[in-house]
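J.: These protein sequence lines are chains P and Y, in that order. The first sequence runs 1 to 467 under the working numbering. The second sequence runs 1001 to 1204 under the working numbering.
For the record, the hints were derived by calculation from the structure and aren't laboratory data. Backbone N, C-alpha and C fix where the C-beta goes; we use that ideal spot for every residue, glycine too. Among the hints, a few may not be true.
Stated by the list, open to error - Under the rule of at most 30 Å between Cα atoms (straight-line distance), these lysine-lysine pairs were calculated in the DSSO-like manner:
1. P:Lys163 x Y:Lys1173
2. Y:Lys1131 x Y:Lys1052
3. Y:Lys1173 x Y:Lys1026
4. Y:Lys1026 x P:Lys163
5. Y:Lys1026 x P:Lys268
Claimed, not checked - Here are the computed distance ranges between Cβ atoms for each label pair:
6. P:Arg210 x Y:Gly1152: 35 to 43 Å
7. P:His239 x Y:Gly1152: 30 to 38 Å
8. P:Lys156 x Y:Arg1108: 39 to 47 Å
9. Y:Ala1014 x P:Gly205: 41 to 49 Å
10. P:Ser269 x Y:Asn1090: 50 to 58 Å
11. Y:Asn1090 x P:Glu106: 44 to 52 Å
12. P:Arg210 x Y:Ala1014: 23 to 31 Å
13. Y:Ser1186 x P:Glu179: 54 to 62 Å
14. P:Phe223 x Y:Ile1183: 52 to 60 Å
15. Y:Lys1190 x P:Glu135: 32 to 40 Å
16. Y:Arg1108 x P:Ser269: 45 to 53 Å
17. Y:Lys1156 x P:Gly94: 35 to 43 Å
18. Y:Lys1135 x P:Glu184: 48 to 56 Å
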Amino acid sequence: MTTPSASEIKEVREITRIERIGAHSHIRGLGLDDSLEPRQVSQGMVGQKKARRAAGLILEMIKEGKIAGRAVLIAGQPGTGKTAIAMGMAQALGQDTPFTSIAGSEIFSLEMSKTEALTQAFRRSIGIRIKEETEIIEGEVVEIQIDRPASGTGAKVGKLTLKTTEMETVYDLGQKMIESLTSEKVQAGDIITIDKATGRITRLGRSFTRARDYDAMGPQTKFVQCPEGELQKRKEVVHTVTLHEIDVINSRTQGFLALFSGDTGEIKSEVRDQINAKVAEWREEGKAEIVPGVLFIDEVHMLDIECFSFLNRALESDMAPVFIMATNRGITRIRGTNYQSPHGIPIDLLDRLLIISTTPYEENEIRQILKIRCEEEDVEMSDDALTVLTKIGRETSLRYSIQLITTANLACKKRKGTEVSIDDIKRVYTLFLDEARSSEFLKEYEQNFLFSEITSSTGTEKMTVDS
Amino acid sequence: MNGIEKWLEKLKKAEKTCLFQDGRRKVHYTFPDKTELAEEYNIQTGELLIRKWRRKNTLGAKLPWEFEVGLNTDNQVRANENLDMTESSNNPIFSRQDTVNAFQWRIRNMIYSADNYIVEIDEQQRAIIIKTKNKKYYKKFQIPDLERIEMGLNPKNMSFSHANNTLIITYTKPTEFLSMEKIITSELSKTKASKEGDVECNPS
């Protein structure tokens, strides 16, 4: 019989979940000061001062919330920070303003027409701030008990005892609740509220009765009274929902059929009309407030002429959000037609837009961005390696050099180094081709690739046979 | 118009469906504001067994059934998808189970001795308050039936007892209320009810 030795038993560690690093995860805002002047390097943004200042002005406009249906186009070459500016705006707007970000290709689907997808995106970007009554559980934590299974894997079970000045209740906890209690670092003596509808936990502070003279505590520790009366209370809360969410709630097939219908698909226009009327009513009664948000469509040249004409019309509605588009195309064909137009957008729509353009980055700006990305990805890099990488970034593209950060870091780790050196960069530079070198390579070995003979010998003739 | 008339008028306006099943008369009301009310009566004794409400929230979503009388016997394990937490089964369970002449509440799993409980009436808020001396249980509730007809509470009508780990609170129904109940039952017996096994359309 074999018994697992100590080393075989997996060590169980509590880890707070690590955020995955995305291409724009370093952006925390637009990096403007109070007078909307852009700082050279701030909140993850580098350079593009003009574009950022312009975006800042638009942000002010959104925050005031007076103007509906303005449209902005961010145009610029690939890798000049268009999406970054949009992300920065989203971050600067904060949690309460709806920000919808979609790519131009997302609206093409077999389940829904293009205009329906666009309408949904529009309505997702309009928030309604409304008062609603919800049930909450509010009490002082007497005890949290979490039992881990002996094997180290499997579901945890737990118990939470909450009390008020008058009563005490024991709750059985599920896996999800245990996780959120641990991530909120809730412990005995805390006063917490739990929203019954969403399960969200809020820590209000420490209980006065638990205050001891020599407790070590942070300056932000707040002491509160233990709540009175019943644990479960009804409370009015103000929260923001989007028009689309209200649409979905009211269009869902009722009863058990809802189980089978699954997603909502298209929403009937009657439902929308009803809701618009209802919202208008709430607004007049002072029950609700409209929060116009932002709709951001990336790669907007992927929309076709039908979408553009729909947008023309939709922007005139008084319920339209601020609409931001981004494209990296120059003068090109409008999708769905044979006409050429700047940015692939019809002139009549372009006429309604405020256009912000981004310019290619300067050498020192590239260096700054690479530095920020190194920090974001937890990579130590020597100064001369960064200089080399900046040069690569100038000659090839910013995106390619950012890719090299991660790969070079891995190469560095493999040789057990602590700091990425020039050699690591050189090594990955030879291992991974950039776009220019790759096409050069393809040209050189064209003959050896599959199907190369079709284009070279018969391609052009075949195309013109039946005309 | 007094409270009783108002309530009767509201019931009259509601859309009603009636059904006999399992020895129970089941009545379903839909009010003009789409609020639903379902009641189940014992056919023999006329006791009210279940009364539950389903309301809509401000945004128009249907909320789950709320039990005013009777216990929710449905599977409550996944009652709420977001709140991954249930009250432990050892906690006191509060339910209302009326008799013909009185409102009655039963709180099971009350393991403390009888002298631990204080039951009082808050006349201003028309609510009954249950307190415990050892600070383990507290509940404040109204009698919705009397609330609807805008009638106050009288401490003389209320009594409570404790036995077999259960605290029973009894509140004798006022005579006005009893006469109103009679009117409702006679009205309900007039509505055409379908019996179990009745088929709506004639299968040829």
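J.: Mind listing which of the numbered hints don't hold for this structure, in increasing order?
T.: As far as the earlier hints go, 1, 4, 5, 8, 12, 17, 18 are violated by this structure, in ascending order.
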